[in-house]
Amino acid sequence: MGNKIKEAFEDPRKVISKALVALGGRNKDVIFISCDSSLGASGEPFRQRYPQRHFEFGIQEQSSMGTAAGFAASGKIPFITAYVPFITFRCFEQIRDDVCKTNLNVNIIGNNCGFSVSALGPTHVVLEDVSAMRSIPNITIISPADGPEYRQTIFAAAEIEGPVYLRVHRHKIRSIHKNGFKFIPGKGELLRRGSDITLITTSTMVVNSLNAATLLQSYGISVEVINMSTLKPIDEDIIIKSTSKTKRVVTVEEHSIIGGLGSAVSDVLIRENPVKMEMIGIEDKFAIVGNYKQVIDYYGLTSEKIASSIINFINKNKECNL
Amino acid sequence: MSKLSKSQIKELIEKSYKARINILEMMKNGEAHIGGAFSAIDIITVLYNKILKHNPRKPKWGDRDRFILSAGHKCMALYSVLSEQGYFDKELLKTYANFNTRVQMHPDEKSLPGIESPTGSLGHGLPVANGIALCAKMTRLRYKVFVMLGDGECEEGSIWESAMAASHHELDNIIVIIDRNGLQVNGATSKIMDTSMLENKFHSFGWKVETIDGHNFEQIYNALSSTPFELRKPSCIVADTIKCKGLTFAENKFEFHQCYLSIKEVENSIHIVREAKEKELEKIGQ
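Chains as they are written, first to last, in this note's numbering: chain S, 1 to 322; chain A, 1 to 286.
Any given hint could turn out to be false.
[As the list claims (entries may be wrong)] Below 30 angstroms or equal to it, Euclidean Cα-Cα: the simulated DSSO-like pairs (lysine-lysine) are:
hint	chain 1	residue 1	chain 2	residue 2
1	S	LYS28	A	LYS60
2	A	LYS137	S	LYS28
3	S	LYS247	S	LYS305
4	A	LYS18	A	LYS279
5	A	LYS191	A	LYS15
6	A	LYS53	A	LYS110
7	A	LYS10	A	LYS279
8	S	LYS247	S	LYS232
9	S	LYS232	A	LYS110
10	S	LYS101	A	LYS94
11	S	LYS293	S	LYS316
12	A	LYS58	S	LYS28
13	A	LYS90	S	LYS18
14	A	LYS60	S	LYS101
15	S	LYS101	A	LYS28
16	A	LYS18	A	LYS50
17	A	LYS53	S	LYS28
18	A	LYS110	S	LYS101
19	S	LYS101	A	LYS53
20	S	LYS101	A	LYS90
21	S	LYS101	A	LYS279
22	A	LYS110	S	LYS28
23	A	LYS60	A	LYS6
24	A	LYS277	S	LYS28
25	S	LYS18	S	LYS178
26	A	LYS58	S	LYS101
27	A	LYS94	A	LYS50
28	A	LYS233	A	LYS50
FYI, nobody ran anything at the bench for these hints, they're computed from the structure.
From just these sequences and the hints, can you work out the full model?
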């Protein structure tokens, strides 16, 4: 729970690197496919430890993704990685036809999600990856919040029989979980209880949202915070249960509000429990360029700006007969 | 010198023309890709009857040679041969292209035994084959992976990515067969996007290449049974073929890439194909 925060910061890529080596030791079928991406991403320690199970494919994501499918069809458990735009959009049809249609155990690691590399501009900053990947049947999408969750996601991905898309951020993230935390795919996690509004968030925005909730407490607003690390399949029960109590919901994501977490939550609520909703994320635009702090501030994703948006939302909807 | 006897060649001719008639029967269900099916059928017939290490009763047998029809639209040829081999009941062919059928207009790996990968969107087969072939290398299995491409399909960038990767990883257990019938949906490949000199292109990508007549059973068999052409190199067989081969009025016409034949036209076509078979058998002689 959020009130037992361990003050540790971990680099997601380093966490994943170690987890992959550990997984490779446990399971000899695990292989790693690099698209000229091992050094910058998470595959180098795996390559050094298991050179026979590391395959370099260079800058050719379409071919690499098809090859991952071929490996999986032959009983192996491939992890394949590259920057988010290249490992999702560049080879989207290979993911759809060769990996998802066949429902193979291919684990796609999208490096540098969200504004990880905000200075590199819109070709490298993809804010639509969840929207695109959510549209494909059979795939599980996971966007972990901190080191312990990233670590467990690697082991969970190998266990999940079908394809997994794992979004990995570049920035060190404060750990919100204690050792012994158990990640369960497909389950949202109640991090902080509240009664006035439900805040559902994912990835880097979990820490900012918890901080926003603490700020709002001093304004007398009680925020229930849910970490939705599995974006697909989404945990409908936790969304319905929490919003039945609070009658208001806000989603916070470092992603486009079209097709991302906000859309996924609204898909559930419009059908099961229509409540007033606010989506905090990036409008239908390509990303502005700047350093991470500047860009997060510009899009209103700092703790203070999230808190401020929530106050405005609550004020606007005070009179609603919900 | 031929490695096939005359009687073996005659047997293959009989089988490939029987497969053509199966395809024509499927054409009764509506518009379909007959042109490529007829250009590829002789090669696929040789593969399943003489080359592939396979067992129709155990389609998932781990040591089997794989065949991936990357140019998935030619699948009537594959269905026809698979059913003749006993992978599934030939009666199923009658459901070709019907509602919710297992015998779809592009091969579906979940619907029929013997289909390795869902192809249809061009340029997908060779990358998948690379993964299967690399897996054989790492697990020391001796199976081969045969992949059929169309010459039009070689316009796709993913073919060249994966061609580069196959030679980089020294996949001598990959054999690509290009069904070079020279035509694609809208006309001649030479006019639409010139894929000429495929031999040179694959050679420059590190492959060992041979060119054959894709309707000459001796040449097909000799090339396929000589693979890998060179150790630590992938093999490429460029097979010159005739679109709609055997259906004389439609041969070499791009309009028959995908077409509709009325029931009467199908019956007439079966007659024409039978005549074509007799001519082929005559050529072989006694």
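The hints, checked one at a time:
For the given pair, LYS28 (chain S) sits about 21 angstroms from LYS60 (chain A) by alpha-carbon distance, which is consistent with the 30 angstroms threshold. Among the hinted pairs, LYS137 (chain A) with LYS28 (chain S) is consistent with the structure: their alpha-carbon atoms are about 15 angstroms apart, no more than 30 angstroms. Our distance criterion of 30 angstroms between C-alpha atoms is met by LYS247 (chain S) and LYS305 (chain S), whose separation comes to about 22 angstroms. Between the alpha carbons of LYS18 (chain A) and LYS279 (chain A) the distance comes to roughly 15 angstroms, so the proposed pair stays at or under 30 angstroms and holds.
Straight-line distance between C-alpha atoms of LYS191 (chain A) and LYS15 (chain A) comes to about 34 angstroms, which puts the hinted pair past the 30 angstroms bound. Of the supplied pair hints, the one linking LYS53 (chain A) and LYS110 (chain A) holds, its CA atoms being roughly 22 angstroms apart against a limit of 30 angstroms. Simply put, LYS10 (chain A) and LYS279 (chain A) have alpha-carbon atoms about 11 angstroms apart, close enough for the 30 angstroms limit, and the pair holds. A C-alpha spacing of about 23 angstroms is found between LYS247 (chain S) and LYS232 (chain S), which places the hinted pair at or below 30 angstroms, so the restraint holds.
Straight-line distance between C-alpha atoms of LYS232 (chain S) and LYS110 (chain A) comes to about 23 angstroms, which keeps the hinted pair within the 30 angstroms bound. Our distance criterion of 30 angstroms between C-alpha atoms is met by LYS101 (chain S) and LYS94 (chain A), whose separation comes to about 25 angstroms. With a C-alpha separation of about 28 angstroms, the suggested pair LYS293 (chain S) and LYS316 (chain S) falls inside the 30 angstroms cut-off, and the hint holds. This hinted pair checks out: LYS58 (chain A) and LYS28 (chain S) have alpha carbons roughly 26 angstroms apart, not beyond 30 angstroms.
About 52 angstroms separates the Cα atoms of LYS90 (chain A) and LYS18 (chain S), which puts this hinted pair outside 30 angstroms; it is violated. Using a Cα cut-off of 30 angstroms, the hinted pair LYS60 (chain A) and LYS101 (chain S) holds, with the two alpha carbons roughly 18 angstroms apart. About 29 angstroms separates the Cα atoms of LYS101 (chain S) and LYS28 (chain A), which keeps this hinted pair within 30 angstroms; it holds. A C-alpha spacing of about 17 angstroms is found between LYS18 (chain A) and LYS50 (chain A), which places the hinted pair at or below 30 angstroms, so the restraint holds.
Taking the CA atoms of LYS53 (chain A) and LYS28 (chain S), the gap is near 27 angstroms; set against the 30 angstroms cutoff, the hint holds. For a cut-off of 30 angstroms, the pair hint linking LYS110 (chain A) to LYS101 (chain S) stands: about 9 angstroms separates their Cα positions. Between LYS101 (chain S) and LYS53 (chain A) the CA atoms are separated by roughly 27 angstroms; this keeps the pair inside 30 angstroms, and the hint holds. Restraint check: the Cα-Cα separation between LYS101 (chain S) and LYS90 (chain A) comes to about 26 angstroms, which is no more than 30 angstroms; the hinted pair holds.
Of the supplied pair hints, the one linking LYS101 (chain S) and LYS279 (chain A) is violated, its CA atoms being roughly 44 angstroms apart against a limit of 30 angstroms. Restraint check for LYS110 (chain A) and LYS28 (chain S): the C-alpha separation of about 27 angstroms stays at or below 30 angstroms, so the hint holds. With a CA separation close to 33 angstroms, the supplied pair LYS60 (chain A) and LYS6 (chain A) exceeds the 30 angstroms bound. Of the supplied pair hints, the one linking LYS277 (chain A) and LYS28 (chain S) is violated, its CA atoms being roughly 52 angstroms apart against a limit of 30 angstroms.
A hinted pair counts as satisfied when its Cα atoms are at most 30 angstroms apart, and LYS18 (chain S) with LYS178 (chain S) qualifies at roughly 18 angstroms. Restraint check: the Cα-Cα separation between LYS58 (chain A) and LYS101 (chain S) comes to about 23 angstroms, which is no more than 30 angstroms; the hinted pair holds. Of the pairs offered as hints, the one joining LYS94 (chain A) and LYS50 (chain A) holds, with about 27 angstroms between alpha carbons and a cut-off of 30 angstroms not exceeded. Between LYS233 (chain A) and LYS50 (chain A) the alpha-carbon distance is near 23 angstroms, which keeps this suggested pair within the 30 angstroms criterion.
Violation of the numbered hints given earlier is confined to hints 5, 13, 21, 23, 24; the remaining hints are satisfied by the structure.
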